[in-house]
Amino acid sequence: MIKVEQLTKCYGPLKAVDSIDFQVSKGEIVGFLGPNGAGKSTTMKMLAGFLPPTSGRAEVAGRDVFRESLQAREHVGYLPENVPLYPDMRVNEYLRYRAAIKGVPGRRLKERVTDVIDLCGLQDVEKKIIGRLSKGYRQRVGLADAMVHEPDLLILDEPTIGLDPNQIRQVRDLIRNLKRHHTILLSTHILPEVEMLCSRVIIINKGRIEAMDSPQNLRARLGVGGEIFLDVRVTDPRTAAVGLRRIAGVDSVSMRADGSWTIFTIQAGAGADPREALYEYAVAEKWPLRELSRSPVSLEQVFAEVTHSEEI
Amino acid sequence: MRRFLTLLGRELGSAFHQPLAYVVLFFFLLITGFNFHAGVSLLNRAAGSTTIVEAFFNTVYFWFPFVLVFPLITMRVFAEEAKLGTLETLMTAPVRDGQVVFSKYFGALFFYLALWVPSLLYFAIFQWVTDMSAAGAVGSYLGAYSMLVLIGLFYTALGCLASALTDNQIVAAVIAFAAILSLFFLGLLSLFLPGAGPLVREVTYYFSPIQHMMDFSRGIFDTRPVVFYISSTLLVLFATFHVFKYRRWKS
Numbered sequence: 679m680i681k682v683e684q685l686t687k688c689y690g691p692l693k694a695v696d697s698i699d700f701q702v703s704k705g706e707i708v709g710f711l712g713p714n715g716a717g718k719s720t721t722m723k724m725l726a727g728f729l730p731p732t733s734g735r736a737e738v739a740g741r742d743v744f745r746e747s748l749q750a751r752e753h754v755g756y757l758p759e760n761v762p763l764y765p766d767m768r769v770n771e772y773l774r775y776r777a778a779i780k781g782v783p784g785r786r787l788k789e790r791v792t793d794v795i796d797l798c799g800l801q802d803v804e805k806k807i808i809g810r811l812s813k814g815y816r817q818r819v820g821l822a823d824a825m826v827h828e829p830d831l832l833i834l835d836e837p838t839i840g841l842d843p844n845q846i847r848q849v850r851d852l853i854r855n856l857k858r859h860h861t862i863l864l865s866t867h868i869l870p871e872v873e874m875l876c877s878r879v880i881i882i883n884k885g886r887i888e889a890m891d892s893p894q895n896l897r898a899r900l901g902v903g904g905e906i907f908l909d910v911r912v913t914d915p916r917t918a919a920v921g922l923r924r925i926a927g928v929d930s931v932s933m934r935a936d937g938s939w940t941i942f943t944i945q946a947g948a949g950a951d952p953r954e955a956l957y958e959y960a961v962a963e964k965w966p967l968r969e970l971s972r973s974p975v976s977l978e979q980v981f982a983e984v985t986h987s988e989e990i
Numbered sequence: 198m199r200r201f202l203t204l205l206g207r208e209l210g211s212a213f214h215q216p217l218a219y220v221v222l223f224f225f226l227l228i229t230g231f232n233f234h235a236g237v238s239l240l241n242r243a244a245g246s247t248t249i250v251e252a253f254f255n256t257v258y259f260w261f262p263f264v265l266v267f268p269l270i271t272m273r274v275f276a277e278e279a280k281l282g283t284l285e286t287l288m289t290a291p292v293r294d295g296q297v298v299f300s301k302y303f304g305a306l307f308f309y310l311a312l313w314v315p316s317l318l319y320f321a322i323f324q325w326v327t328d329m330s331a332a333g334a335v336g337s338y339l340g341a342y343s344m345l346v347l348i349g350l351f352y353t354a355l356g357c358l359a360s361a362l363t364d365n366q367i368v369a370a371v372i373a374f375a376a377i378l379s380l381f382f383l384g385l386l387s388l389f390l391p392g393a394g395p396l397v398r399e400v401t402y403y404f405s406p407i408q409h410m411m412d413f414s415r416g417i418f419d420t421r422p423v424v425f426y427i428s429s430t431l432l433v434l435f436a437t438f439h440v441f442k443y444r445r446w447k448s
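Chains as they are written, first to last, in this note's numbering: chain A, 679 to 990; chain B, 198 to 448.
Rather than coming from a laboratory, the hints here were simulated on the basis of the structure. Treat each hint with caution, since some may be false.
[Stated by the list, open to error] Stretches of chain B that chain A covers, calculated by requiring three or more beta carbons in the stretch to come under 8 angstroms of a beta carbon on chain A:
{"id": "1", "segment": "202-212"}
{"id": "2", "segment": "274-283"}
{"id": "3", "segment": "290-296"}
Don't be surprised by glycine CBs; every beta carbon is placed ideally from N, CA and C.
All chains should be modelled from the sequences, with the hints used to inform the complete structure.
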């Protein structure tokens with residue numbers, strides 16, 4: 679659906695996007711992840727046909743976004759970062775206008791507008807003036823506009839920015855529902871969002887792609903065993919710690935008393951998961967066990983790892 | 198074509214859906230109404246050879262709102278979209294740059310022409326009340342109103358160009374006002390330089406709206422201003438199109 683080859687965009691001497699390559703196939707939800715100023719928005723603007731690339735090329739639905747811009751744009755629904763809308767128009771009026779300039783035929787106009795109004799939960803504000811809407815509703819009007827012409831590809835630039843947690847959940851649910859009919863490229867710097875929505879993640883930093891994989895693989899690739907918590911009641915914590923340290927896959931052990939209980943924090947070695955051995959050890963020692971758990975490696979760590987190493 | 202009409206509809210909607218439109222309309226009507234009144238009382242005092250149409254289109258009360266109104270109409274067209282960021286949604290829809298530029302131009306032009314519609318009533322009422330002809334002949338109406346359209350074509354284009362140059366409506370208005378005013382006064386150059394001779398008068402005639410209106414409102418038709426206004430309009434629109442394209446690519 680998207681094919682990007684050596685795409686570069688310079689603003690004067692500054693390289694905002696530096697020869698990136700990637701592909702997105704039909705039906706995928708791809709998350710574009712990166713710190714502010716990494717080049718996410720610039721890449722998306724180029725894909726949406728708003729900015730011409732300095733060099734390289736990009737294709738959307740088999741059409742070159744620069745040479746066949748008009749045909750490419752027909753296949754794209756784009757939601758810009760700050761959701762620009764005409765404040766003087768009414769919601770349904772705006773959507774009808776947008777559908778018409780995007781080439782929805784007259785006989786289907788009404789049906790399409792009603793559909794997106796239902797889908798985005800805009801029934802209550804349908805006749806309101808856009809300038810008077812709350813941020814959450816404006817965001818939804820933007821989303822409705824992006825998909826009113828049933829594009830194959832949706833490009834959403836930070837679709838949940840500036841919303842309250844409730845609204846974020848609603849927008850996320852909406853995006854999840856769209857997955858069935860659209861290919862989606864969305865950018866965000868909220869990591870849990872990517873883990874929840876995306877089948878693939880592209881991490882971009884300083885205009886270059888740093889990593890590109892599924893969230894699961896990225897997590898595995900970091901290869902950290904992580905921290906394991908073992909909450910047991912032992913008579914002598916010191917000797918217990920020495921015993922724990924001998925178990926294969928355990929790097930280091932620290933402990934903390936919690937009444938008569940002791941919580942051991944165990945650092946596991948790279949790629950190791952000593953939880954089973956720890957359980958068997960506790961059973962053999964006849965320690966009453968309250969908790970044995972591993973803190974999950976989040977994308978947050980992957981992200982910090984990937985973008986940080988570059989900066990230093 | 199359908200897309201162009203949709204865009205044009207939006208332009209007209211936004212032109213009339215803002216308070217500024219009615220402020221402009223109100224004061225414009227007020228001043229032209231006063232101008233008409235002044236014309237009638239002038240003819241009452243000194244019966245001369247001029248008609249009320251000639252008197253109406255050749256006074257300072259006519260020219261003052263006339264040059265002032267273009268920046269007010271056109272400052273919005275591109276600058277507002279750039280400021281709101283809606284240029285991004287607009288230009289990622291499958292519309293051509295040319296369609297956008299033309300729809301904005303014709304939207305502004307339509308508003309300008311709408312301003313003059315009530316003035317037709319003045320003459321109709323004059324004829325109805327006084328039972329006298331407001332113009333010497335039909336050609337006088339045709340000439341005056343076609344000159345209104347011709348100058349309007351050119352000055353609206355200038356205003357659109359100014360608006361395409363900036364994100365700031367005030368800056369756009371100032372640029373348009375300066376451009377229109379300097380063109381306007383360039384036409385009066387022969388008045389300021391009495392010793393300038395026939396060459397200056399000959400040259401400045403080409404872009405003196407006052408001279409053009411004086412001739413046309415008498416029903417004298419001259420092809421030179423027609424060619425001048427139409428070709429200048431096309432040139433300025435061409436520049437607007439390229440400025441619009443260039444600024445988008447640079448953003």
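We went through each hint and held it up to the structure:
1. With 6 residues having a beta carbon nearer than 8 angstroms to a beta carbon of chain A, the segment 202-212 of chain B meets the requirement of three or more and the stated coverage holds.
2. Only when three residues or more bring their CB closer than 8 angstroms to a CB of chain A does the claim for the segment 274-283 of chain B stand; here the count is 3, and the claim holds.
3. Counting residues of the segment 290-296 of chain B whose beta carbon lies closer than 8 angstroms to any beta carbon of chain A gives 4, which meets the minimum of three for the stated coverage.
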